[in-house]
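If you read the protein sequences in the order shown, they are chains A and B. So that you can map any letter, position 154 of the first sequence is 163 in this note's numbering, and since no number is skipped, the others follow by simple counting. So that you can map any letter, position 80 of the second sequence is 81 in this note's numbering, and since no number is skipped, the others follow by simple counting.
Honestly, the hints are just simulated from the structure, not real lab data. Nothing here was measured: the structure is a model prediction, and the numbers come from that model. None of the hints are false.
For the chain A half of the interface with chain B, some residues (derived, Cβ under 8 Å), not all of them: (1) Leu152; (2) Trp156; (3) Pro279; (4) Ala287.
Pair by pair, the computed Cβ-Cβ distance ranges are: (5) Arg196/B <-> Leu78/A: 55 to 63 Å; (6) Ala25/B <-> Ser96/A: 29 to 37 Å; (7) Ala169/A <-> Gly237/B: 31 to 39 Å; (8) Arg179/A <-> Leu120/B: 18 to 26 Å; (9) Ala188/B <-> Lys289/A: 31 to 39 Å; (10) Leu120/A <-> Glu11/B: 55 to 63 Å.
In the EDC-like style, the derived pairs of lysine to aspartate or glutamate whose C-alpha atoms are separated by at most 16 Å in a straight line are: (11) Lys258/A <-> Asp215/A; (12) Lys289/A <-> Asp150/B; (13) Lys289/A <-> Glu151/B.
Here a beta-carbon is modelled for each residue, glycine too, at the ideal position from N, C-alpha and C.
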Amino acid sequence: MADFWAAYQSTLGFAMVNAFFALSTYAVLSAGMLSFATVTFAALGGFLGAQLAVHLALPPVLVMPVSALSGALLAYVVALLFLRLDSHWMALASLALVLITRVVALNATALTGGVNGLSVPLSLPLWVLAAILAVICVVFWRLSASWYGIAARAVREDAAVAATLGIPQRRIQTIAFIISGAVGGLGGILLALMLQFLSPETYFIDIAFTMIAAVVLGGSYHWAGAIVGAVVFTALPVLLQAVVPDFEKVANGICLLLIMIFLPRGLIDPRALRLRRARKAPSR
Amino acid sequence: MMSAPMLRLEGVQKSFGGLTAVAALSLEVPAGCVAGLMGPNGAGKTTVINLITGLLRADSGVIALDGAPIQHLPVHAIAARGIARTYQNVRLFAGMTALEQVMAGSYLRRRTSLMASFLALPSARAALRMTRRRALDLLARVGMAARADELAETLSYGEQRRIEIARALGAGPRLLLLDEPTAGMNAQESEAIGRLVHTLRDDGLTVLMVEHNVRLVSDFCDQVTVMSFGRALVHGTPTACMADPEVQEAYFGRKEDAQRIRALR
Ligand SMILES: Nc1ncnc2c1ncn2[C@@H]1O[C@H](COP(=O)(O)OP(=O)(O)OP(=O)(O)O)[C@@H](O)[C@H]1O
Ligand SMILES: [Mg+2]
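Here chain B stands alone, though its shape is the one from the complex (with noise of 0.2 Å):
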């Protein structure tokens, strides 16, 4: 299948003071796909999702969104255009039940205007019964629906992980960016993640995680992007990708470390 690439980076550079985090990176991630990135701590992963989302500014390069540059927009510009993201250190909103977070997360869907809002005229409440409901739905679709109702920072973290993918999908976006979705979660609980992204996928979502879990990111990614030091190493399937050399020596090599560094926190 040929399809002009949904996401665009092509020689984006970003350095804080002397560190360079992100160094020339190119990287395509075609409509349809879920692309996985992967790299050792501190390869500059969690940087790509800053800069994609407007987070963080590129000091070069450009990011492009079926083929519209998006880099100089303010980052709830970038959320409009159709790009929603989760966080690898969890942030959900204090205070908010799981609900509440779905619905906040349903601000560019609320199909209502200030004022019919706050009138509480007859379509505004129609609109805001259709996003619960919908918001609703999402929290099903992760499997959080019995826990709607509570107060999202009373939850485990595997649940509060899952929250945000609702939250982020309230946004109703194109391209979704997952940062470590399944950090903290057993196996079962990653699988599900995985079959999550995959009937994503079939909704027509395209999807660009980071993850460290080689099983799940040959389970369910199309193609991956390996980054070791800012730079993008290898691209490819994962199978490709996990057979490289290069690979080995920058990600496996060191594997063991990164594992150990991810128990301690």
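If we strip away everything but chain A, and leave its shape as in the complex, we get (with noise of 0.2 Å):
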């Protein structure tokens, strides 16, 4: 049993620190907008965070809010430029963010130490992972409760409708961006106390493919998709490794495509949910 914790701990991690850059990704989704900036925002969150870390010896409890803010103020940036492109072109866009961070990264040497990386000087106990994500989800479910969670759903269907119920669409896209940042920033530092070094790969393609299968693989129209999504797909291949080596690097694609075909509103969808609710008690 010890051996197997040992073995699984680092996994139970990462699985935690995808689920939040999936539920950044989550974030924007909500809104109806398909997102690759939380790269961006954790690649700030994590080398500002770990910046702190090192020069002044902040403690984690002061550089996680910084981190969480910093991807917070420049979400609201992100927000003004991409709100103004439809929705496919934010995609493009926001891909193209993500290419030009990894440069930026690699050249800011004084930020991000560049190619020679930087080494972060903290760690954080798995239990405090765990207890900041149970409060990150707690946040979700609030929102998805709050006046905010409603019109950004309504958003999200139809929002030339939502318009004239008189929900402001850029309003509404906007504090999901600012919901996004935080959260993707706060991944960000999480990420760099996990792995304690850092370097202009960190915040890259991986984390953009990682998060978006996991908003596809555990469903995009509920929080706990996120969540469920990043655990799977992190879990998955290491698993699968102990039963079937040699399968585990195909898994995943496997896995989504499954999903994609039969599930392609992701494993948790509240409306299937309903649906199947609504066809067990035919209406009188």
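Put the two chains together into one complex; each comes in its own frame, and the hints tell you how they fit.
Structure follows, in structure tokens:
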């Protein structure tokens, strides 16, 4: 049992960190936008937080809020620019932003350490990570039950109709970006604390792929989908490696394909639940 | 009764490429009136509603609510001025129950800030409870109270239309625009919509409705405008409009065709 724990501890840690990135992606998706900018928010939160830890010797409790805040601020600026774009152009622009992020990470050596990377002299116990994730879950739960949650769903389903009901699309989507930025920035510093080393490659396409796969897998119509997706996507290859070696490399790809074909709205789908319930209890 | 027009369109023009959908249209709807908008298929009725709500921008002309021009305002700001609408092809939100649709429609009446709502402050919780009760009342008003917790997309077409009316009422409008609210309904259901519109008017709402059903228009509208090819052909009481030879020609001459086309889609 102790061996098992030791072996899977880091998988659990990465699963939880990926959950932050997936939640950050969910935050914008739930207001009708596909954006990869989470990677950039994570990079800012991660590098900035790491520098604060290195140079000012700040403890994690102080570093993490700064990372989240910096992500939120950057997201606000990104929203000002991106919300002028149509949806598919926004997705492309955010991908361009990811590419730019890596170039900046390579060249802004004062912040990132450049090609040499950056050691992070801090670590975080797993239970703290779990506790922070739990807090963020409560935040998302509260948001979904709030006025913002109702308005965001309306904007996502039909922005024009939502507007004729007085729901301001830009404003709702700006808030979505700010939430995404805060959670992404927080995820960035948490990844840094997990890895204890950052390179310009840390915040790059891998994260973008992971977070999108997680929301596709878990479902983008409920915040829990992002978490389930992140955990499955992170843990599946590791578990399979123990059971059927050589298979783990394609496992996620196959899993994603199956989900997209048979459960296009992901594992967690409130609408499917309601439809099933409606079929079970035929109306009077 | 002399009252200033709640809604005034003056010389409103809208073209799509070479096609003029609305041509120099002028129209007035007095406050507290149920106005009908009729015309054959493609006359431009839906386009007029899209122009009033800001989903389409007029090429020229003025659209004024209570005398203040609104044609330059963003869509959500026009809604905030007190205009709500329904859609010819129902546009409910996927995945939402009937109650949630009306709650979403009540955004303008939420009476609480995002922060208060997020923190679930007592005031916000009370406001949410009140909005929910109000939404249930609105559903009851359109005869859908028993279906409040059902996924709207699983309900019949007529039921969805009624939920859409409740959703529009959720915004607490002063002017309600209905685009063919009785399409796909039988005579009884249509009659019920007519009576609902009357109770809404008695509560102080002004209504502009696109409607093909001549009986309904005659029974429930105070004034009618008949459009043809983007122009207002005639304007007056239902009886006067129906009797107008031009209307007979433009509208009823082709009504059989129109009906057949609608049956097909
Ligand atoms: N977005 C658009 N782009 C191009 N043409 C349009 C658009 N909307 C409407 N039209 C055209 O404008 C004309 C008027 O259309 P509109 O939908 O307003 O008619 P209508 O009176 O509502 O007809 P119906 O009774 O069939 O609903 C039609 O010829 C239609 O094809
Ligand atoms: Mg129409």
